[in-house]
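For this one, chain A is given, so just place chain B on it according to the hints.
Given next are the chains, with one letter for each unit.
2 protein chains.
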Amino acid sequence: MVSTALLTDRYELTMLQAALADGTGERACTFEVFGRRLPEGRRYGVVAGTARVLDAVRDFTFDPDLLTSLRGVLDERTLDWLAAYRFTGSIEGYAEGELWFPGSPILTVTGTFAQAVVLETVVLSILNHDCAIAAAASRMAQAAGDRPLIEMGSRRTHEQAAVAASRAAYLAGFTSTSNLQAGASYAIPTSGTSAHAFTLLHDTEAEAFRAQVAALGAGTTLLVDTYDITAGIATAVEVAGPALGAVRIDSGDLAVLAVQAREQLDSLGATGTRIVVSGDLDEYALAALRAAPVDGYGVGTSLVTGSGAPTAGLVYKLVEVEGRPVAKRSTSKVTQGGRKTAVRRHRPTGTATDEVLGTGFTPPREPGDRPLQVPLVVDGERAGDLPDLPASREHLRRALVTLPWDGLALSKGEPAIPTTVLASEREVAR
Amino acid sequence: MVSTALLTDRYELTMLQAALADGTGERACTFEVFGRRLPEGRRYGVVAGTARVLDAVRDFTFDPDLLTSLRGVLDERTLDWLAAYRFTGSIEGYAEGELWFPGSPILTVTGTFAQAVVLETVVLSILNHDCAIAAAASRMAQAAGDRPLIEMGSRRTHEQAAVAASRAAYLAGFTSTSNLQAGASYAIPTSGTSAHAFTLLHDTEAEAFRAQVAALGAGTTLLVDTYDITAGIATAVEVAGPALGAVRIDSGDLAVLAVQAREQLDSLGATGTRIVVSGDLDEYALAALRAAPVDGYGVGTSLVTGSGAPTAGLVYKLVEVEGRPVAKRSTSKVTQGGRKTAVRRHRPTGTATDEVLGTGFTPPREPGDRPLQVPLVVDGERAGDLPDLPASREHLRRALVTLPWDGLALSKGEPAIPTTVLASEREVAR
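Residue numbers (this note's numbering), protein chains in the order written: chain A, 1 to 430; chain B, 1 to 430.
The hints are simulated quantities; they were obtained by calculation from the structure and are not laboratory data. Because the structure is a prediction, the values reported are computed rather than measured. Yeah, the Cβ is synthetic: ideal placement off N, Cα and C, and Gly gets one too. You can trust all of the hints, since none of them are fake.
Calculated pairs, SDA-like style, for lysine to any residue (alpha carbon to alpha carbon, straight line, at most 25 Å):
1. B:328 <-> A:282
2. A:328 <-> B:207
3. B:328 <-> B:419
4. A:328 <-> B:264
Reference excerpt, derived from the structure (chain A facing chain B, CB under 8 Å, subset only):
5. 15
6. 69
7. 117
8. 129
9. 156
10. 158
11. 159
12. 194
13. 200
14. 212
15. 227
16. 305
17. 310
18. 321
19. 328
Okay, chain A solo, but in the shape it has when bound (with noise of 0.2 Å):
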């Protein structure tokens, strides 16, 4: 087990000192963890890495080394009861694959506000990382369609993040990854090509084919614009014969150049030969390709970067001590005091009409609602074994179902649903 006590801010630990030494640490305390809006023009968020959030939390604890590295930052008692640190709160949240919006709360840590508060940074660095690019995803696989999606950005994000990533795309519905070590670590399919660099490597493309496919079968993908595309499908198919699996397009008007590459191997009868394309695809490029006859896509660099909204923008407050709510001054009714229950309101239909939060009580059941939160841990202790990754994949599909026509739309708009907050239970919602 490798700790994840450091992936902390400082201010965590000496607001723990402070609040150890008057008292106050003891207070119970909940957090929620929550968007107070969407990304910029973004209809739904995703919610993803709970699971890498309680396996966090699990190693959260500091050992006698790392202790030491906090020796001058902290005083006596604050190292003896971070020697002795394990999360005995407990946290609720919503399902992995579950949608969220302004305001929802995604999870929600009660404990002292010592054990409670050190949790805020990695908590947040891994919600607010996997969100981003499972809601990028998520919006990719919808342009995708039926069309598999291979996630391939691995070499333009920090090299840890590329594994989080992966398994964050592959919830939100994409087919497989490049990335060996997200394979490894998550059972998730692995899939690839081949680079530039091996047809560079031979002195013809012809060889550069022939060894690929003495090595992987003619079932591989060729990638056929290093040099001349037309020369280089032609070569393919010389080279693997019709039953080539795949070839792979890199670079250029991919619209077009799919269609002539289609027409290219149906006239040399490679018609069960697929094609695929990558190079700087998003979900609107994804989108514009509908028409095309194209068979798959590798996604690579708007993936990992969360497609123009890197981060999540959730939130970590305290927003009830000792049972009283408690708030910053604001303006916005999503950041008000209280512990939030949210349950999703639907039409008979199943088409969702709102997020409705209620503050320090839980909303009167109407027909069609749908509570959101599931307890994780108890008293320090999992709640049982979180549904696995393919099953949390389904949960968003079916999720995504309910969404209202318009809230699948690729344009900027307003959440798909709004957010009703009641601040009593005497408040109805709309």
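Same frame as chain A, but now just chain B:
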């Protein structure tokens, strides 16, 4: 040691398998890392991550467990080859803290194809992340001038990316980081204030301030915008006395609030109390605060997301095979084949004028030329100790001084100096 070997795209290893099978894997190759262009409108790039790259290359080894995870993907011959893998080629590159421009060969990897191709993904992951953050950080440091900059973005990015981002920010001129792991791993000064949660935890703001001052001394920084800023500052000085270290304001129109806070602090006799501001600051917001009475900044989200350019866009390209230049069909001069040797040309005044790249040869030396590449690994062994982080920080500071004056402008523009690619020794730069 944690192996970095699976932080790799599957196709690197399937290309390896094909190249081992047909013998081309043993061909002597040169790969170069460069950016075809700078992120949109940026005038310079910053090299960061070199030290992390060399550690990743050292740790790129396959133990039996790891090979087991690749069974089914690769054949026995390839698995045996990987079991013995240790990079025995050579690496040279730009020093950490050096500037880069389109085409600059910031890292050059030589070795057999098999030896060098497998490093592509992890090398690019590290450099694309760290260079992106350092470039954004450098612009922020320019905008902040002499005022201290605290890096506090950990919560808005992947938990491990956060540690690397702290390092890159410090390299580029930030003063300290909130991230404790970065402090422990890289000896970066850590700092921090407190969160709104700490005030909300207490029954009154005064009690929170008293607790913080009791624990951390009057030199601490009190967060004064939880409720009302004017009341918060009055309470802060009342509790801590005029020796109060600093107040932090995290919201609102910071330019206006800083003036009011300064007047109020001075009127209370707290003339030495500093004003630290934070809250969605980026390089433009920092520049806009130049005239405000601000003594320090906390920067988070925009730093860790590269302020609009979350990846540096660097590629790892095969440029020579057995001494022969190779390149994909392209219209760009900076992507032509052949190993590049780089010098930066300067006027007698010391102002940089050109990034000069010789393709396959060293550009004829002129007065004021500075060679840019240094040996990093020779035949698998480190070429020597790398400069430490403070030295790299100083390297960048000096390099920035050489830029033409408009090279430091924050507005969008062309690269600060042009890249001149010499295709033969007979060509002369400009």
